[in-house]
Structures are given as C-alpha cells and as structure tokens.
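*Asks:* Sequence:
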Amino acid sequence: MSGHGEAQPMKSRKSGPLRGVAEVPGDKSISHRSLIFGAMAVGETRITGLLEGQDVLDTAKAMRAFGATVTRLGEGAWTVNGVGVGGFREPEDVIDCGNSGTGVRLIMGTMATAPITATFTGDASLRKRPMGRVTDPLALFGARAYGRQGGRLPMTVVGAANPVPVRYALPVASAQVKSAVLLAGLNAPGETVVIEKEPTRDHSERMLLGFGARLSVEKTGEGHVITLTGQPELRPQTVAVPRDPSSAAFPVCAALIVEGSDITVPGVSQNLTRNGLYLTLVEMGAEIDFLNPREEGGEPVADLRVRFSGEMKGIEVPPERAPSMIDEYPVLSVVAAFATGKTVMRGVKELRVKESDRIDAMARGLEACGVRIEEDEDTLIVHGMGPGGVPGGATCATHIDHRIAMSFLVCGLAAKAEIAVDDGSPIQTSFPVFLPLMNGLGASLTAG
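Numbering of the sequence shown is given in full-length UniProt numbering, commencing with residue 1 and proceeding in unit increments.
In case anyone wonders, no lab produced these hints; they're calculated from the structure. A few of these clues could be false.
[What the hints assert, rightly or not] Below, a list of computed lysine-lysine pairs in the PhoX-like style, where the Cα atoms sit at most 25 Å apart:
hint: 1; residue 1: K342; residue 2: K14
hint: 2; residue 1: K349; residue 2: K416
hint: 3; residue 1: K197; residue 2: K219
hint: 4; residue 1: K313; residue 2: K342
hint: 5; residue 1: K14; residue 2: K313
hint: 6; residue 1: K313; residue 2: K416
hint: 7; residue 1: K349; residue 2: K128
hint: 8; residue 1: K197; residue 2: K349
hint: 9; residue 1: K14; residue 2: K349
hint: 10; residue 1: K349; residue 2: K313
hint: 11; residue 1: K416; residue 2: K11
hint: 12; residue 1: K61; residue 2: K128
Turn these sequences into a full structure, and let the hints steer you where they fit.
*Replies:* As structure tokens, then:
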C-alpha cells in the first residue's frame, strides 16, 4: 500500500517509437516551496504551474492547518494568503505529510522557531525515514522533537519560544536540511549561517531573495556559506513554476532507449544544481538538444529535443555531481542497462535514505530483469547490455517509491519481455499524469 490507497500493479512492454510533445508537470521542489514561502509572506502570493501531485497537495493542506488561506483557482493555479514570518498558528490536528520528505522537513523548519507545537506523520515509507538530520540542527535554535526510536515519525516538534540564530555546517549534502535550517532562521534574530561543502539545489535561496529576505552566498575555504538575516517581512510574489527536471527524466530516458523515438519536452528547468542527469546522459552519447534557453519564474529553462540514442556508452559518473542528480540515479541506472559497457555511480549513499533504499531497490529489480549489478554502501555499478539487450520478464518491488516504479516501467518499454511493478500508486505523489502522458507519446503502459 502507498499510504494513500490500495496497491496498484502496473506493467510495461516493448514499445514502438515515442513521438510528440511531453508536457511534464511543474517542479515538485519549487511547488512545495512556493506554498510554504507564500504562507510566510504578508498578502497574496499567486502561483501558476503548481504540481498537483499528492505530495504537494499534502503541503497545501498543512499550510492551511498552520493558518494560511490556500485556494485552488484552476489547473495549476493557486493563491496563498500568508500569515507572516513567525505567524503560524498551532494546528488542531496531526499534520500528515504523506510520502513527502521534502514537505515534512521544510515544514518542521518553518514552525521550529514559532512558539507552537505540532505533530507530524506520513505514510509507511515516510515513517521509516530518519528525521534526526533535521531535528538536530533545529534543536540548536531551541526547538525540541520527540519521535519514535531512530528519530522517526510520528514526531512532535515543540517550537522555540525564544529562538537564537545558529551557524551550522551540513554533515551531508542535503537541500532539505539546508532549507529547513534557513526557514527556521527566518524567525530567529540576527544572522543564521549555513555552510555546505558541496552545493545542493538552490531553490530556497532563490525564492528567499525573491520574497524579499536578506541573504548572501559566498564561496570560501569552508565551502558555500549562506548567511540569512532573520525576522524580515516577506513580500507576496507571483511564482511561475517551471517544469520538473526530475519528472522530465522519465520521458527523456524512455526516448533514449526506445528505438526510433523523437520527442520534445518543453520548458524544463536547467538550474545548475539540478541538471546533473542531463550532463551525464550527454557524456554517455545521448542525443539531446537544448533549445530556446530562457528564464521563467527566476529559473533557467530550455526545451529539450530527445532522440533514440543507440550508441550510448557506460561512463564513470563524477561523485561530486551526485547532489545535482540524486533523484535521477534510479532512471539513469535503467539507461545504463541499455548502454554498452559499465556505468559506475559512486558517492550515492544518500540514495539509501530516500523514499526507499534506492540502491538496493534498483539493484534487485535490474538483477531480476537479467542485468549484472555490483553495489556497496556508496556505489552502484550497472553492466550495460546494449540497445534492446535487457531481458526483462520480471515483477519489480517498488517499496512505496514513485521513482522506483517509474524507472522500471520505463525499462519495460525497451526490454525484450514485459516488466511489471507491484505498486504504481506512489506515482501520484509526483507525476499524476505519468501514464496518460507516456501512452500519449506511444508507450505501452497499463495499470491493473
């Protein structure tokens, strides 16, 4: 079960060429943040292109519980009337964040420096994920957290009545932790400083500046040093959410491995902290053209033209690239299975604490499909079988993880035999139109 409904088996089989335009949904990271930042501004924030997947809808519901007025006007069009920095009210009920690690961690940060108490839970997958990486730095502000053994949900967070600013060096590269600390710092006096050795996705910094916060980023010997001045009055904004590069990865990778394919994916974010997959695919020999580069909603975007690429070679992915493509390694491992030679992915241990242990999930599923895999705690190696070379013919466990489900369904479009997944319902969390979009391009995907 996904936590939002019954398990829904899905399957895919060898497909004809994929053709047409793939209009993927809005970026999930920016959608979450637009709702949360809008709730902390004074006045009405207007949002277009919002991803209406279950994860983001759960964040919208949470913002209402903390006192903001959140209204859906039409498809992807929403308004948020905020309560100001530090203005969150105490929710009357438990906050259910469903499957979303981003949602729960950012919301915890936002309320951690307000004098209120909130209890958080989520689905079976989210309740397994560690929250200590967020609650530990929030404790430095004066917040307290009480959860299950191992720092897991359900968890009650007691916000700091008299928060203090902090200086915090991230022990792991995590945009969620960075953002949670910055959000907590908004309602603390003085300057809160976050130091990251490796740059992670910078949507929070961009959006903070757009909403009127005082923030600076400096590269020093310590790494990227982000300094935020607390207790600003955030100004409402009009946010145009660009299309999600993580969702775009699925039709892009499908087109690369399905013979004869030629698709266009318009308006995809090209944020340098999110484009690691696309750099890697090009290095492997993928035929991807980046057309009409421009800026939308403060983010660089481009239209992608993607064609079947039968000459792709396995490569060693630079470990320092991991933060910019951490969510895309599952579908990259599928592409690697159809390349020639081995693809080595190091520095990916963060995958073990995502919605599932994604290294283990992809390794076991690909092995079941006839692909040779090597792995250790921080590494995944895929031995490619060339175009059309993956045998397939397996049912793969998704572990309540949307990206695992979509990755194996993409794999089945080019494998010799049908591939099934035990539960495709988590796809609703991030890409609710995945099946109709892919089938509209000519894919052979079925539910049930």
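*Asks:* Does each hint hold? Answer for all of them.
*Replies:* Hints versus structure:
{"no.": "1", "hint": "K342 - K14", "verdict": "holds, 23 Å"}
{"no.": "2", "hint": "K349 - K416", "verdict": "violated, 31 Å"}
{"no.": "3", "hint": "K197 - K219", "verdict": "holds, 10 Å"}
{"no.": "4", "hint": "K313 - K342", "verdict": "holds, 8 Å"}
{"no.": "5", "hint": "K14 - K313", "verdict": "holds, 22 Å"}
{"no.": "6", "hint": "K313 - K416", "verdict": "holds, 20 Å"}
{"no.": "7", "hint": "K349 - K128", "verdict": "holds, 16 Å"}
{"no.": "8", "hint": "K197 - K349", "verdict": "holds, 16 Å"}
{"no.": "9", "hint": "K14 - K349", "verdict": "violated, 32 Å"}
{"no.": "10", "hint": "K349 - K313", "verdict": "holds, 24 Å"}
{"no.": "11", "hint": "K416 - K11", "verdict": "holds, 13 Å"}
{"no.": "12", "hint": "K61 - K128", "verdict": "holds, 22 Å"}
Of the numbered hints given earlier, the model fails hints 2, 9; all others are met.
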